[in-house]
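A.B. asks: In order, the protein sequences belong to chains L and F. Residues 1 to 154, numbered by my numbering, are exactly what the first sequence covers, in order. Residues 1001 to 1154, numbered by my numbering, are exactly what the second sequence covers, in order.
For the record, the hints were derived by calculation from the structure and aren't laboratory data. All figures in this text were calculated on a predicted structure; none of them were measured in a lab. We put the CB at the ideal spot given by N, CA and C, even for glycine. A couple of the hints might just be wrong.
[To be verified] Straight-line alpha carbon distances no greater than 27 Å define the calculated DSS-like cross-link-like pairs of lysine-lysine that follow:
1. K2(L) - K1083(F)
2. K1037(F) - K2(L)
3. K1040(F) - K44(L)
4. K44(L) - K99(L)
5. K1037(F) - K1140(F)
6. K1040(F) - K1083(F)
7. K2(L) - K44(L)
8. K1083(F) - K1037(F)
9. K1083(F) - K1140(F)
[Unchecked claim] One side only, chain F facing chain L, incomplete, derived with CB under 10 Å:
10. Q1018
11. L1042
12. A1064
13. D1067
14. V1081
15. F1117
16. R1123
17. R1125
18. G1126
[Stated by the list, open to error] Coverage of chain F stretches by chain L, computed from C-beta distances (three or more under 8 Å per stretch; other residues unrestricted):
19. 1056-1063
20. 1068-1079
21. 1086-1096
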Amino acid sequence: MKARRIPTTALEACSEDVMRREIVRIRLAEVLACAPALDHGDAKELHDLRIACKRLRYALELHRDALPPEGAAAEHVLAELQDLLGELHDCDVLTSLAKKRERGVVRTIERDRRALLDLARRRWREALQPTGALSALAAFAGFGSPQGSTGGAP
Amino acid sequence: MTIRSLEGAGAMIEPCSQLKAWARALIDRRLRDFEEKRAKALEHPHDPEALHDVRTRARRLRAALEDLHDLIPEANHWLRVLKRLGRRTGAARDNDVLLERVEGYASRTRGATRAGFERMAERLRGRRRRLAERAIAAIKRCELAHDHEGERQP
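Generate the whole structure from the sequences, applying the supplied hints.
C.D. replies: Below you can see the structure in the form of structure tokens.
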């Protein structure tokens, strides 16, 4: 998934704060746009969500000193989601490597995958609670609570 | 113009130059991190953790370049180089991660399922050396700092 460009020319004021907020806003929008993957469970969509989480997390990490505390909490949640989605991806790769006749192998991996997906869904829902880390970050980034909306960039 | 000379210019700097200097300082931080881990991986070419560290630092640098793209003239070139590095080192890292997971499955299953996981682990072990050699060759070739210094010459 290609990263959206952060346009410097469209910014009203040419300042670090504006740029920083714009980076967080766009990267968070990418995460929200990919979030329906958690409902669908599709391997490719989940992989895109993982990449989007990673981009937002790295942006928060790079600007940590200049961001409000919401940034650090979101970083933590994103790292956890990223790990879970990474393990899910490993399950998908292993399933494709397993020989079809090895049913026990495939069943074991699929059971693991289901548990990981459930956990990722739970973490996502918690992060979008009114007191959740991503809700707070959304408020900082300048758009309303993302609660209930898993898709669409603001 | 280097960052050092910009810092010295103080109030004479146009807002946009300040923004560029800010972006450059952030990228330099990521670049130093990457170069440090790259040197370590070249010193310990058979250490999977050293390879992992190079990959995570390369990803962080790449994410920062995507965020600050319009403010960094070398961004396109570096992004291409880092993408290539990611591709060429990815297979080795993925193989290590999958192997660890498969070994975990093998240790907690029994009978035919266990034998299936053991066969899979054997296949993954067999690829390890070739993939690691390819990864280290790619790390050796990826010299961003030299490009960087070159582009800064007056």
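A.B. asks: Confirm or reject each hint.
C.D. replies: These are the hints, each one checked on the structure:
Between K2(L) and K1083(F) the CA atoms are separated by roughly 12 Å; this keeps the pair inside 27 Å, and the hint holds. Our distance criterion of 27 Å between C-alpha atoms is met by K1037(F) and K2(L), whose separation comes to about 26 Å. Between K1040(F) and K44(L) the CA atoms are separated by roughly 33 Å; this puts the pair beyond 27 Å, and the hint is violated. Using a Cα cut-off of 27 Å, the hinted pair K44(L) and K99(L) holds, with the two alpha carbons roughly 21 Å apart.
For the given pair, K1037(F) sits about 12 Å from K1140(F) by alpha-carbon distance, which is consistent with the 27 Å threshold. Proposed proximity of K1040(F) and K1083(F) is supported: the alpha carbons are some 20 Å apart, at most 27 Å. Proximity of K2(L) to K44(L) is assessed by CA-CA distance (about 14 Å); at most 27 Å being required, the pair is judged to hold. At most 27 Å may separate the alpha-carbon atoms for a hinted pair to count; K1083(F) and K1037(F) meet this at roughly 17 Å.
As the CA atoms of K1083(F) and K1140(F) are separated by approximately 15 Å, the hinted pair is consistent with the 27 Å bound. The beta carbon of Q1018(F) is positioned within 10 Å of a beta carbon in chain L (closest approach about 8 Å), and the interface hint is therefore held. A least Cβ separation of about 24 Å between L1042(F) and chain L goes past the 10 Å threshold, and the interface hint is therefore violated. The closest approach between the C-beta of A1064(F) and any C-beta of chain L is roughly 6 Å, which is under the 10 Å cut-off, so the hint is satisfied.
Because the beta carbon of D1067(F) sits about 5 Å from the nearest beta carbon in chain L, less than 10 Å, this interface hint is met. Annotation: V1081(F) was flagged as interfacial toward chain L, and the flag is violated, the nearest CB pair being 16 Å apart, outside 10 Å. Hint status for F1117(F): holds, given a least beta-carbon distance of 6 Å to chain L, under 10 Å. Given the 10 Å rule on beta carbons, the hint for R1123(F) holds: about 8 Å separates it from the nearest Cβ of chain L.
The interface hint given for R1125(F) is violated, since its Cβ lies 13 Å from the closest Cβ of chain L, which is over the 10 Å cut-off. Nearest Cβ of chain L to the Cβ of G1126(F): about 13 Å, over the 10 Å cut. The hint is violated. Counting residues of the stretch 1056-1063 of chain F whose beta carbon lies closer than 8 Å to any beta carbon of chain L gives 3, which meets the minimum of three for the stated coverage. With 4 residues bearing a CB less than 8 Å from a CB of chain L, the stretch 1068-1079 of chain F meets the requirement of three and the coverage assertion stands.
Taking a C-beta to C-beta cut-off of 8 Å, the stretch 1086-1096 of chain F contributes 1 residues in contact with chain L, too few for the three needed, and the coverage statement is violated.
Violation of the numbered hints given earlier is confined to hints 3, 11, 14, 17, 18 and 21; the remaining hints are satisfied by the structure.
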